[in-house]
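Produce the entire structure from the sequences given, and follow the hints as far as they go.
Residue numbering for the sequence shown follows full-length UniProt numbering, starting at 1 and increasing by one per position.
A few of these clues could be false.
Said to hold, decoys possible - With a Cα cut of at most 20 angstroms, we get these calculated DMTMM-like pairs of lysine to aspartate or glutamate:
| id | residue 1 | residue 2 |
| --- | --- | --- |
| 1 | Lys368 | Asp397 |
| 2 | Lys159 | Asp148 |
| 3 | Lys324 | Asp232 |
Unchecked claim - Distance ranges between label pairs, derived from CB positions:
| id | residue 1 | residue 2 | range |
| --- | --- | --- | --- |
| 4 | Thr422 | Cys344 | 18 to 26 angstroms |
| 5 | Arg385 | Glu234 | 44 to 52 angstroms |
| 6 | Ala141 | Ser416 | 57 to 65 angstroms |
| 7 | Asn50 | Lys455 | 54 to 62 angstroms |
| 8 | Ser255 | Gln47 | 36 to 44 angstroms |
| 9 | Glu253 | Asn50 | 35 to 43 angstroms |
| 10 | Gln169 | Ser416 | 48 to 56 angstroms |
| 11 | Glu389 | Thr419 | 14 to 22 angstroms |
| 12 | Glu234 | Ser452 | 38 to 46 angstroms |
| 13 | Glu126 | Arg189 | 15 to 23 angstroms |
| 14 | Gln169 | Lys45 | 47 to 55 angstroms |
These aren't lab readings, by the way, just hints derived from the structure by calculation.
All residues carry an ideal CB built from backbone N, CA and C; glycine is no exception.
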Amino acid sequence: MTALLSILKNLHRATVLVVGDVMLDNYVYGTVDRISPEAPIPILKIQRNNEMLGGAGNVVANLHALGVQCFVVGVCGKDENGIKLRRLLAGLDRVEHHMLSVDDMATVTKTRYVSGSQQVLRTDIETPSAILSERSGDIFALVSGAIDRCDVVILSDYKKGVITPALCQSIISLARDRGIPVFVDPKGRDYSTYRQATLIKPNLKELKDAFGYEDITGREVDYARRLLAKYDIEYCLLTVGKEGMKLISRDHEISFSSARREVFDVSGAGDAVIATVAAAQAAGASLEDACYLSNLAGGIAVTKPGTSPVSNFELVTELKARNKIFTLPELMLQVEAWRANGSCVGFTNGCFDLLHAGHIQTLDYARKNCDKLIVAINSDSSVKRLKGEDRPINSEDQRLTVMAALESIDALILFSDDTPETIIEWIQPNVLVKGADYALADVVGKKCVEASGGKLLLAPVVEDLSTTRVIRRIQATLEKEKLHPVA
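So this is what it looks like as C-alpha coordinates:
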(Lines of atoms letter the chains of each structure in order from A and count residues from 1; the text may use other names and numbers.)
(Lines give C-alpha, C1' and ligand atoms only; values in the text may rest on other atoms or scores of the structure.)
Protein backbone atom coordinates (compact mmCIF):
# COMPACT_ATOMS: atom_id res chain seq x y z
CA MET A 1 0.00 0.00 0.00
CA THR A 2 2.89 2.37 0.74
CA ALA A 3 3.97 2.32 -2.92
CA LEU A 4 0.42 3.08 -4.10
CA LEU A 5 0.05 5.96 -1.65
CA SER A 6 3.38 7.30 -2.89
CA ILE A 7 2.05 7.26 -6.46
CA LEU A 8 -1.01 9.27 -5.43
CA LYS A 9 1.20 11.70 -3.53
CA ASN A 10 3.30 12.27 -6.68
CA LEU A 11 0.44 12.77 -9.14
CA HIS A 12 1.00 16.54 -9.02
CA ARG A 13 4.26 15.92 -10.90
CA ALA A 14 2.49 14.19 -13.80
CA THR A 15 1.46 15.97 -17.00
CA VAL A 16 -1.19 14.53 -19.31
CA LEU A 17 -2.45 15.69 -22.71
CA VAL A 18 -6.13 14.98 -23.45
CA VAL A 19 -7.40 15.13 -27.03
CA GLY A 20 -10.99 14.40 -27.89
CA ASP A 21 -14.66 15.28 -27.87
CA VAL A 22 -15.00 17.91 -25.15
CA MET A 23 -18.68 18.41 -24.32
CA LEU A 24 -20.95 20.34 -22.01
CA ASP A 25 -23.03 18.19 -19.66
CA ASN A 26 -26.13 19.85 -18.25
CA TYR A 27 -28.17 18.20 -15.48
CA VAL A 28 -31.65 19.62 -14.90
CA TYR A 29 -33.10 18.47 -11.57
CA GLY A 30 -36.74 18.62 -10.57
CA THR A 31 -39.75 16.70 -9.31
CA VAL A 32 -42.46 14.79 -11.12
CA ASP A 33 -45.84 14.56 -9.41
CA ARG A 34 -48.29 14.54 -12.31
CA ILE A 35 -48.78 13.51 -15.93
CA SER A 36 -49.37 16.05 -18.68
CA PRO A 37 -53.01 16.36 -19.82
CA GLU A 38 -51.69 17.00 -23.34
CA ALA A 39 -49.87 13.67 -23.76
CA PRO A 40 -48.97 10.63 -21.60
CA ILE A 41 -45.69 12.19 -20.44
CA PRO A 42 -44.47 13.31 -17.00
CA ILE A 43 -44.29 17.01 -16.12
CA LEU A 44 -40.93 17.89 -14.56
CA LYS A 45 -41.08 20.85 -12.20
CA ILE A 46 -37.56 22.25 -12.55
CA GLN A 47 -35.74 23.16 -9.33
CA ARG A 48 -32.10 23.61 -10.37
CA ASN A 49 -29.57 22.79 -13.05
CA ASN A 50 -25.88 21.97 -12.94
CA GLU A 51 -23.48 22.47 -15.84
CA MET A 52 -20.22 20.54 -15.95
CA LEU A 53 -17.57 19.23 -18.30
CA GLY A 54 -18.55 16.11 -20.23
CA GLY A 55 -16.93 13.62 -22.61
CA ALA A 56 -13.21 14.32 -22.89
CA GLY A 57 -13.90 17.30 -20.63
CA ASN A 58 -14.87 14.91 -17.85
CA VAL A 59 -11.51 13.15 -18.31
CA VAL A 60 -9.89 16.56 -17.77
CA ALA A 61 -12.06 17.17 -14.68
CA ASN A 62 -10.90 13.84 -13.25
CA LEU A 63 -7.24 14.63 -13.94
CA HIS A 64 -7.71 18.00 -12.24
CA ALA A 65 -9.32 16.33 -9.21
CA LEU A 66 -6.32 13.98 -9.01
CA GLY A 67 -3.96 16.97 -8.93
CA VAL A 68 -2.43 16.33 -12.36
CA GLN A 69 -1.20 19.08 -14.67
CA CYS A 70 -3.23 18.81 -17.84
CA PHE A 71 -3.35 20.07 -21.41
CA VAL A 72 -6.57 19.64 -23.37
CA VAL A 73 -7.16 19.97 -27.11
CA GLY A 74 -10.70 19.96 -28.46
CA VAL A 75 -13.27 21.82 -30.51
CA CYS A 76 -16.30 23.88 -29.56
CA GLY A 77 -18.61 26.40 -31.16
CA LYS A 78 -18.74 30.13 -30.58
CA ASP A 79 -22.26 29.74 -29.22
CA GLU A 80 -23.44 30.24 -25.64
CA ASN A 81 -22.64 26.65 -24.66
CA GLY A 82 -19.15 27.03 -26.12
CA ILE A 83 -18.59 30.08 -23.94
CA LYS A 84 -19.77 28.12 -20.90
CA LEU A 85 -17.48 25.22 -21.81
CA ARG A 86 -14.41 27.42 -22.12
CA ARG A 87 -15.29 29.16 -18.87
CA LEU A 88 -15.47 25.82 -17.04
CA LEU A 89 -12.06 24.82 -18.40
CA ALA A 90 -10.56 28.20 -17.51
CA GLY A 91 -11.76 27.73 -13.94
CA LEU A 92 -9.53 24.67 -13.42
CA ASP A 93 -6.07 25.47 -12.11
CA ARG A 94 -3.13 23.63 -13.71
CA VAL A 95 -5.30 22.94 -16.78
CA GLU A 96 -4.19 24.61 -20.01
CA HIS A 97 -6.87 24.41 -22.67
CA HIS A 98 -6.34 24.74 -26.41
CA MET A 99 -9.93 24.76 -27.62
CA LEU A 100 -10.46 25.43 -31.30
CA SER A 101 -13.52 27.69 -31.68
CA VAL A 102 -15.45 27.10 -34.90
CA ASP A 103 -18.02 29.57 -36.25
CA ASP A 104 -20.40 27.18 -37.95
CA MET A 105 -20.73 24.47 -35.29
CA ALA A 106 -22.89 23.92 -32.24
CA THR A 107 -21.03 22.93 -29.09
CA VAL A 108 -21.77 19.28 -28.30
CA THR A 109 -24.14 19.39 -25.32
CA LYS A 110 -25.97 16.66 -23.45
CA THR A 111 -28.85 17.71 -21.20
CA ARG A 112 -30.24 15.17 -18.76
CA TYR A 113 -33.54 15.79 -16.96
CA VAL A 114 -33.58 14.06 -13.57
CA SER A 115 -36.29 13.45 -10.98
CA GLY A 116 -34.99 11.93 -7.76
CA SER A 117 -32.30 9.54 -8.98
CA GLN A 118 -34.13 8.70 -12.22
CA GLN A 119 -33.33 10.20 -15.61
CA VAL A 120 -36.58 11.23 -17.28
CA LEU A 121 -35.18 12.47 -20.60
CA ARG A 122 -31.90 13.27 -22.37
CA THR A 123 -31.49 15.74 -25.21
CA ASP A 124 -28.36 16.09 -27.37
CA ILE A 125 -27.00 18.95 -29.44
CA GLU A 126 -24.37 17.80 -31.95
CA THR A 127 -22.50 18.98 -35.03
CA PRO A 128 -22.09 16.94 -38.25
CA SER A 129 -18.72 15.18 -38.22
CA ALA A 130 -17.83 16.58 -41.65
CA ILE A 131 -17.51 20.08 -40.19
CA LEU A 132 -14.97 18.88 -37.63
CA SER A 133 -12.98 16.67 -40.02
CA GLU A 134 -12.16 19.79 -42.03
CA ARG A 135 -10.36 21.17 -38.97
CA SER A 136 -8.13 18.12 -38.33
CA GLY A 137 -5.02 20.01 -39.47
CA ASP A 138 -5.69 22.80 -36.97
CA ILE A 139 -6.29 20.27 -34.19
CA PHE A 140 -3.04 18.44 -34.99
CA ALA A 141 -1.13 21.73 -34.88
CA LEU A 142 -2.46 22.35 -31.35
CA VAL A 143 -1.46 18.82 -30.31
CA SER A 144 2.03 19.27 -31.78
CA GLY A 145 2.50 22.43 -29.75
CA ALA A 146 1.65 20.74 -26.44
CA ILE A 147 2.84 17.15 -26.70
CA ASP A 148 6.49 17.72 -25.79
CA ARG A 149 5.44 18.94 -22.35
CA CYS A 150 3.44 15.79 -21.55
CA ASP A 151 4.18 12.35 -20.09
CA VAL A 152 1.10 10.53 -21.44
CA VAL A 153 -1.50 11.24 -24.14
CA ILE A 154 -5.18 10.32 -23.72
CA LEU A 155 -7.38 10.10 -26.81
CA SER A 156 -11.00 10.31 -25.63
CA ASP A 157 -13.14 9.26 -28.57
CA TYR A 158 -16.91 9.70 -28.26
CA LYS A 159 -17.37 9.58 -32.06
CA LYS A 160 -18.50 13.21 -32.19
CA GLY A 161 -16.05 14.06 -34.96
CA VAL A 162 -12.81 15.23 -33.34
CA ILE A 163 -10.91 11.91 -33.40
CA THR A 164 -10.86 11.06 -37.12
CA PRO A 165 -8.85 7.99 -38.21
CA ALA A 166 -6.23 10.14 -39.95
CA LEU A 167 -5.83 12.53 -37.00
CA CYS A 168 -5.66 9.66 -34.53
CA GLN A 169 -2.89 7.95 -36.49
CA SER A 170 -0.96 11.21 -36.81
CA ILE A 171 -1.11 11.79 -33.04
CA ILE A 172 -0.11 8.19 -32.23
CA SER A 173 2.84 8.43 -34.65
CA LEU A 174 3.90 11.77 -33.15
CA ALA A 175 3.77 10.34 -29.63
CA ARG A 176 5.60 7.11 -30.53
CA ASP A 177 8.44 9.11 -32.09
CA ARG A 178 8.85 10.78 -28.69
CA GLY A 179 8.41 7.64 -26.59
CA ILE A 180 5.16 8.95 -25.09
CA PRO A 181 2.45 6.35 -24.28
CA VAL A 182 -0.97 6.83 -25.88
CA PHE A 183 -4.04 5.60 -23.96
CA VAL A 184 -7.31 5.43 -25.90
CA ASP A 185 -10.91 5.36 -24.70
CA PRO A 186 -12.40 3.88 -27.90
CA LYS A 187 -15.78 3.96 -29.57
CA GLY A 188 -17.29 2.20 -32.58
CA ARG A 189 -16.35 -0.90 -34.58
CA ASP A 190 -13.27 0.23 -36.50
CA TYR A 191 -10.25 -0.19 -34.21
CA SER A 192 -7.84 0.43 -37.08
CA THR A 193 -8.25 4.06 -36.01
CA TYR A 194 -6.23 3.22 -32.88
CA ARG A 195 -3.49 1.15 -34.56
CA GLN A 196 -0.22 1.08 -32.55
CA ALA A 197 -1.72 2.76 -29.47
CA THR A 198 -0.19 1.76 -26.15
CA LEU A 199 -3.48 0.87 -24.48
CA ILE A 200 -7.17 0.75 -25.35
CA LYS A 201 -9.88 0.82 -22.67
CA PRO A 202 -13.16 -0.59 -23.97
CA ASN A 203 -15.98 -1.76 -21.75
CA LEU A 204 -17.65 -5.10 -22.43
CA LYS A 205 -20.34 -3.56 -24.65
CA GLU A 206 -17.73 -1.70 -26.70
CA LEU A 207 -15.68 -4.88 -27.14
CA LYS A 208 -18.77 -6.70 -28.41
CA ASP A 209 -19.49 -3.78 -30.72
CA ALA A 210 -16.02 -4.15 -32.25
CA PHE A 211 -17.03 -7.66 -33.38
CA GLY A 212 -20.52 -6.82 -34.58
CA TYR A 213 -22.20 -7.74 -31.30
CA GLU A 214 -21.53 -11.45 -31.76
CA ASP A 215 -21.70 -13.54 -28.60
CA ILE A 216 -18.26 -13.41 -26.96
CA THR A 217 -19.38 -14.51 -23.49
CA GLY A 218 -16.57 -16.33 -21.71
CA ARG A 219 -14.15 -15.51 -24.55
CA GLU A 220 -13.66 -11.79 -23.87
CA VAL A 221 -9.92 -12.14 -23.31
CA ASP A 222 -9.42 -14.05 -26.57
CA TYR A 223 -11.37 -11.44 -28.51
CA ALA A 224 -9.44 -8.60 -26.88
CA ARG A 225 -6.20 -10.32 -27.93
CA ARG A 226 -7.46 -10.51 -31.49
CA LEU A 227 -7.75 -6.72 -31.49
CA LEU A 228 -4.27 -6.33 -29.99
CA ALA A 229 -2.68 -8.59 -32.60
CA LYS A 230 -4.60 -7.21 -35.56
CA TYR A 231 -3.89 -3.56 -34.81
CA ASP A 232 -0.48 -3.81 -33.11
CA ILE A 233 -1.78 -2.48 -29.78
CA GLU A 234 0.15 -3.37 -26.61
CA TYR A 235 -2.58 -3.59 -23.96
CA CYS A 236 -6.33 -3.78 -23.53
CA LEU A 237 -7.81 -2.62 -20.22
CA LEU A 238 -11.24 -4.23 -20.36
CA THR A 239 -13.80 -2.97 -17.83
CA VAL A 240 -16.40 -5.59 -16.96
CA GLY A 241 -18.87 -3.77 -14.71
CA LYS A 242 -19.34 -5.08 -11.18
CA GLU A 243 -16.68 -7.75 -11.81
CA GLY A 244 -13.96 -5.09 -12.08
CA MET A 245 -11.49 -5.04 -14.97
CA LYS A 246 -8.87 -7.07 -16.81
CA LEU A 247 -5.49 -5.91 -18.08
CA ILE A 248 -4.79 -7.99 -21.18
CA SER A 249 -1.63 -8.27 -23.26
CA ARG A 250 -0.95 -10.79 -26.02
CA ASP A 251 0.44 -13.35 -23.57
CA HIS A 252 -0.64 -12.22 -20.11
CA GLU A 253 -3.78 -11.30 -18.16
CA ILE A 254 -4.33 -9.65 -14.76
CA SER A 255 -7.78 -9.38 -13.16
CA PHE A 256 -8.78 -6.62 -10.75
CA SER A 257 -11.87 -7.38 -8.69
CA SER A 258 -14.38 -4.72 -7.72
CA ALA A 259 -15.77 -4.18 -4.23
CA ARG A 260 -19.52 -4.60 -3.82
CA ARG A 261 -21.07 -1.15 -4.03
CA GLU A 262 -24.39 0.62 -4.12
CA VAL A 263 -24.39 1.88 -7.72
CA PHE A 264 -25.90 5.35 -8.12
CA ASP A 265 -24.87 6.36 -11.64
CA VAL A 266 -22.46 4.73 -14.11
CA SER A 267 -22.12 7.94 -16.16
CA GLY A 268 -18.50 8.99 -16.37
CA ALA A 269 -17.01 5.93 -14.68
CA GLY A 270 -14.99 5.12 -17.81
CA ASP A 271 -13.60 8.65 -17.83
CA ALA A 272 -12.43 8.23 -14.23
CA VAL A 273 -10.73 4.94 -15.17
CA ILE A 274 -8.82 6.27 -18.20
CA ALA A 275 -7.82 9.45 -16.34
CA THR A 276 -6.47 7.54 -13.34
CA VAL A 277 -4.54 4.86 -15.23
CA ALA A 278 -2.91 7.52 -17.42
CA ALA A 279 -2.15 9.82 -14.49
CA ALA A 280 -0.56 7.02 -12.46
CA GLN A 281 1.57 5.94 -15.43
CA ALA A 282 2.63 9.55 -15.95
CA ALA A 283 3.67 9.67 -12.28
CA GLY A 284 5.93 6.63 -12.75
CA ALA A 285 3.67 3.79 -11.62
CA SER A 286 3.87 0.35 -13.18
CA LEU A 287 0.94 -0.39 -15.47
CA GLU A 288 -0.35 -3.00 -13.00
CA ASP A 289 -0.36 -0.50 -10.12
CA ALA A 290 -1.90 2.15 -12.37
CA CYS A 291 -4.72 -0.25 -13.28
CA TYR A 292 -5.28 -1.15 -9.63
CA LEU A 293 -5.77 2.53 -8.79
CA SER A 294 -7.99 3.09 -11.82
CA ASN A 295 -10.17 0.17 -10.73
CA LEU A 296 -10.67 1.89 -7.37
CA ALA A 297 -11.49 5.15 -9.16
CA GLY A 298 -14.13 3.48 -11.34
CA GLY A 299 -15.70 1.92 -8.25
CA ILE A 300 -15.92 5.29 -6.51
CA ALA A 301 -17.32 7.01 -9.62
CA VAL A 302 -20.40 4.77 -9.87
CA THR A 303 -21.46 5.71 -6.32
CA LYS A 304 -21.68 9.41 -7.25
CA PRO A 305 -24.44 11.26 -9.13
CA GLY A 306 -23.84 12.41 -12.69
CA THR A 307 -20.38 12.80 -14.14
CA SER A 308 -18.71 13.65 -10.83
CA PRO A 309 -14.89 13.41 -10.86
CA VAL A 310 -12.96 11.22 -8.41
CA SER A 311 -10.47 13.13 -6.26
CA ASN A 312 -7.01 12.22 -5.04
CA PHE A 313 -8.31 12.35 -1.46
CA GLU A 314 -11.10 9.88 -2.27
CA LEU A 315 -8.58 7.45 -3.75
CA VAL A 316 -6.29 7.75 -0.72
CA THR A 317 -9.26 7.11 1.60
CA GLU A 318 -10.40 4.13 -0.46
CA LEU A 319 -6.89 2.70 -0.61
CA LYS A 320 -6.46 2.91 3.15
CA ALA A 321 -9.86 1.29 3.66
CA ARG A 322 -9.07 -1.53 1.22
CA ASN A 323 -5.89 -2.27 3.16
CA LYS A 324 -7.97 -3.18 6.23
CA ILE A 325 -10.68 -5.25 4.53
CA PHE A 326 -10.01 -9.00 4.30
CA THR A 327 -11.60 -12.20 3.09
CA LEU A 328 -11.39 -15.11 5.54
CA PRO A 329 -8.38 -16.80 3.84
CA GLU A 330 -6.57 -13.45 3.70
CA LEU A 331 -7.38 -12.73 7.33
CA MET A 332 -6.10 -16.12 8.46
CA LEU A 333 -2.75 -15.42 6.81
CA GLN A 334 -2.64 -11.96 8.41
CA VAL A 335 -3.43 -13.36 11.86
CA GLU A 336 -0.70 -15.96 11.41
CA ALA A 337 1.78 -13.17 10.63
CA TRP A 338 0.65 -11.14 13.65
CA ARG A 339 1.01 -14.12 15.97
CA ALA A 340 4.47 -14.86 14.57
CA ASN A 341 5.42 -11.40 15.86
CA GLY A 342 3.95 -12.14 19.28
CA SER A 343 0.83 -9.98 18.88
CA CYS A 344 -2.31 -10.52 20.95
CA VAL A 345 -5.29 -10.69 18.56
CA GLY A 346 -8.65 -9.27 19.63
CA PHE A 347 -12.07 -9.72 18.04
CA THR A 348 -15.46 -8.06 18.20
CA ASN A 349 -18.44 -7.82 15.87
CA GLY A 350 -21.62 -5.92 15.11
CA CYS A 351 -23.76 -4.20 12.49
CA PHE A 352 -22.28 -0.72 13.08
CA ASP A 353 -25.07 0.84 11.04
CA LEU A 354 -25.11 4.37 12.45
CA LEU A 355 -21.79 4.77 14.24
CA HIS A 356 -22.22 6.43 17.66
CA ALA A 357 -20.31 7.06 20.91
CA GLY A 358 -21.21 3.64 22.30
CA HIS A 359 -19.58 1.92 19.34
CA ILE A 360 -16.43 4.02 19.67
CA GLN A 361 -16.17 3.30 23.40
CA THR A 362 -16.47 -0.46 22.83
CA LEU A 363 -13.89 -0.42 20.03
CA ASP A 364 -11.43 1.64 22.09
CA TYR A 365 -11.89 -0.74 25.03
CA ALA A 366 -11.26 -3.74 22.79
CA ARG A 367 -8.14 -2.19 21.25
CA LYS A 368 -6.66 -1.40 24.68
CA ASN A 369 -6.90 -5.08 25.57
CA CYS A 370 -5.09 -6.46 22.50
CA ASP A 371 -2.35 -5.60 20.02
CA LYS A 372 -4.39 -6.14 16.85
CA LEU A 373 -8.16 -5.73 16.65
CA ILE A 374 -10.37 -7.57 14.14
CA VAL A 375 -13.94 -6.33 13.64
CA ALA A 376 -16.49 -8.53 11.86
CA ILE A 377 -19.39 -6.62 10.29
CA ASN A 378 -22.79 -8.02 9.34
CA SER A 379 -23.52 -7.88 5.61
CA ASP A 380 -26.64 -6.08 4.35
CA SER A 381 -28.55 -9.36 4.04
CA SER A 382 -27.57 -10.37 7.57
CA VAL A 383 -28.65 -7.00 9.01
CA LYS A 384 -32.03 -7.27 7.26
CA ARG A 385 -32.68 -10.67 8.82
CA LEU A 386 -31.69 -9.46 12.29
CA LYS A 387 -33.06 -5.91 12.31
CA GLY A 388 -35.84 -5.81 9.70
CA GLU A 389 -36.38 -4.88 6.05
CA ASP A 390 -35.80 -1.16 6.65
CA ARG A 391 -32.24 -1.80 7.81
CA PRO A 392 -29.39 -1.21 7.33
CA ILE A 393 -29.52 2.55 6.94
CA ASN A 394 -25.99 2.52 5.49
CA SER A 395 -24.87 -0.13 3.00
CA GLU A 396 -22.14 -2.64 3.87
CA ASP A 397 -19.68 -0.81 1.62
CA GLN A 398 -20.37 2.49 3.38
CA ARG A 399 -20.09 0.87 6.81
CA LEU A 400 -16.79 -0.78 5.92
CA THR A 401 -15.40 2.53 4.64
CA VAL A 402 -16.35 4.38 7.84
CA MET A 403 -14.97 1.65 10.09
CA ALA A 404 -11.73 1.44 8.12
CA ALA A 405 -11.08 5.09 8.97
CA LEU A 406 -10.89 4.29 12.72
CA GLU A 407 -7.36 3.92 14.07
CA SER A 408 -8.49 1.43 16.70
CA ILE A 409 -9.29 -1.17 14.01
CA ASP A 410 -6.59 -3.25 12.30
CA ALA A 411 -8.72 -5.59 10.19
CA LEU A 412 -12.30 -5.80 8.94
CA ILE A 413 -14.22 -8.77 7.59
CA LEU A 414 -17.78 -8.97 6.29
CA PHE A 415 -20.00 -11.93 7.19
CA SER A 416 -23.43 -12.96 5.91
CA ASP A 417 -24.42 -15.48 8.59
CA ASP A 418 -26.48 -14.42 11.59
CA THR A 419 -23.41 -14.76 13.83
CA PRO A 420 -19.62 -14.64 13.30
CA GLU A 421 -19.12 -18.03 14.95
CA THR A 422 -17.46 -19.60 11.89
CA ILE A 423 -14.94 -16.75 11.67
CA ILE A 424 -14.17 -17.02 15.39
CA GLU A 425 -13.59 -20.76 15.08
CA TRP A 426 -11.10 -20.24 12.25
CA ILE A 427 -9.32 -17.23 13.75
CA GLN A 428 -9.39 -18.30 17.42
CA PRO A 429 -8.71 -14.80 18.80
CA ASN A 430 -6.85 -14.33 22.08
CA VAL A 431 -9.45 -11.82 23.25
CA LEU A 432 -13.17 -11.72 22.45
CA VAL A 433 -14.95 -8.46 23.30
CA LYS A 434 -18.69 -7.72 23.52
CA GLY A 435 -20.74 -5.05 25.26
CA ALA A 436 -21.66 -5.52 28.93
CA ASP A 437 -25.35 -5.59 27.94
CA TYR A 438 -24.74 -9.22 26.89
CA ALA A 439 -24.96 -12.11 29.36
CA LEU A 440 -21.69 -14.08 29.40
CA ALA A 441 -23.43 -17.30 28.45
CA ASP A 442 -25.03 -15.65 25.40
CA VAL A 443 -21.83 -14.40 23.77
CA VAL A 444 -21.24 -16.21 20.48
CA GLY A 445 -17.76 -17.76 20.33
CA LYS A 446 -17.20 -17.84 24.11
CA LYS A 447 -16.63 -21.59 24.32
CA CYS A 448 -14.33 -21.66 21.29
CA VAL A 449 -12.14 -18.79 22.52
CA GLU A 450 -11.85 -20.08 26.08
CA ALA A 451 -11.13 -23.61 24.85
CA SER A 452 -8.13 -22.30 22.91
CA GLY A 453 -6.80 -20.39 25.93
CA GLY A 454 -8.32 -17.00 25.12
CA LYS A 455 -10.55 -14.81 27.26
CA LEU A 456 -13.88 -13.01 27.00
CA LEU A 457 -14.18 -9.37 28.06
CA LEU A 458 -17.37 -7.34 28.43
CA ALA A 459 -16.91 -3.68 27.54
CA PRO A 460 -18.73 -0.94 29.49
CA VAL A 461 -21.75 0.40 27.60
CA VAL A 462 -23.22 3.87 27.24
CA GLU A 463 -26.69 3.73 28.77
CA ASP A 464 -29.71 4.37 26.53
CA LEU A 465 -27.60 4.65 23.38
CA SER A 466 -28.08 2.35 20.41
CA THR A 467 -28.59 2.64 16.68
CA THR A 468 -32.27 1.72 17.07
CA ARG A 469 -32.75 4.50 19.63
CA VAL A 470 -30.95 6.99 17.38
CA ILE A 471 -33.23 6.08 14.46
CA ARG A 472 -36.35 6.39 16.63
CA ARG A 473 -35.21 9.81 17.87
CA ILE A 474 -34.72 10.99 14.28
CA GLN A 475 -38.13 9.65 13.28
CA ALA A 476 -39.78 11.36 16.26
CA THR A 477 -38.11 14.65 15.36
CA LEU A 478 -39.31 14.40 11.76
CA GLU A 479 -42.87 13.64 12.89
CA LYS A 480 -42.76 16.63 15.25
CA GLU A 481 -41.61 18.89 12.41
CA LYS A 482 -44.51 17.67 10.25
CA LEU A 483 -47.00 18.58 12.99
CA HIS A 484 -45.29 21.85 13.90
CA PRO A 485 -43.33 23.04 10.86
CA VAL A 486 -40.72 25.73 11.41
CA ALA A 487 -41.77 29.00 9.74
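Results for each hint:
Simply put, Lys368 and Asp397 have alpha-carbon atoms about 26 angstroms apart, too far for the 20 angstroms limit, and the pair is violated. For the given pair, Lys159 sits about 26 angstroms from Asp148 by alpha-carbon distance, which is inconsistent with the 20 angstroms threshold. Proposed proximity of Lys324 and Asp232 is contradicted: the alpha carbons are some 40 angstroms apart, above 20 angstroms. Separation of Thr422 from Cys344 is about 22 angstroms and conforms to the stated range, judged on CB atoms against 18 to 26 angstroms.
Checked against the hint of 44 to 52 angstroms, the pair Arg385 and Glu234 passes, with Cβ atoms roughly 49 angstroms apart. Against the hinted window of 57 to 65 angstroms, the Cβ-Cβ separation of Ala141 and Ser416 comes to about 59 angstroms, which satisfies the hint. Our hint of 54 to 62 angstroms for Asn50 and Lys455 holds, since their Cβ atoms are close to 56 angstroms apart. Ser255 and Gln47 have their C-beta atoms about 43 angstroms apart, which keeps the hinted 36 to 44 angstroms range intact.
A hinted range of 35 to 43 angstroms holds for the C-beta pair Glu253 and Asn50, which are about 40 angstroms apart. Our hint of 48 to 56 angstroms for Gln169 and Ser416 holds, since their Cβ atoms are close to 51 angstroms apart. Hint check: Glu389 to Thr419, Cβ distance near 20 angstroms, so the stated range 14 to 22 angstroms holds. Between Glu234 and Ser452 the CB atoms are about 52 angstroms apart, so this pair departs from the stated range of 38 to 46 angstroms.
A hinted range of 15 to 23 angstroms holds for the C-beta pair Glu126 and Arg189, which are about 19 angstroms apart. Gln169 and Lys45 have their C-beta atoms about 49 angstroms apart, which keeps the hinted 47 to 55 angstroms range intact.
Hint compliance for this structure: hints 1, 2, 3 and 12 are not met, and every other hint is.
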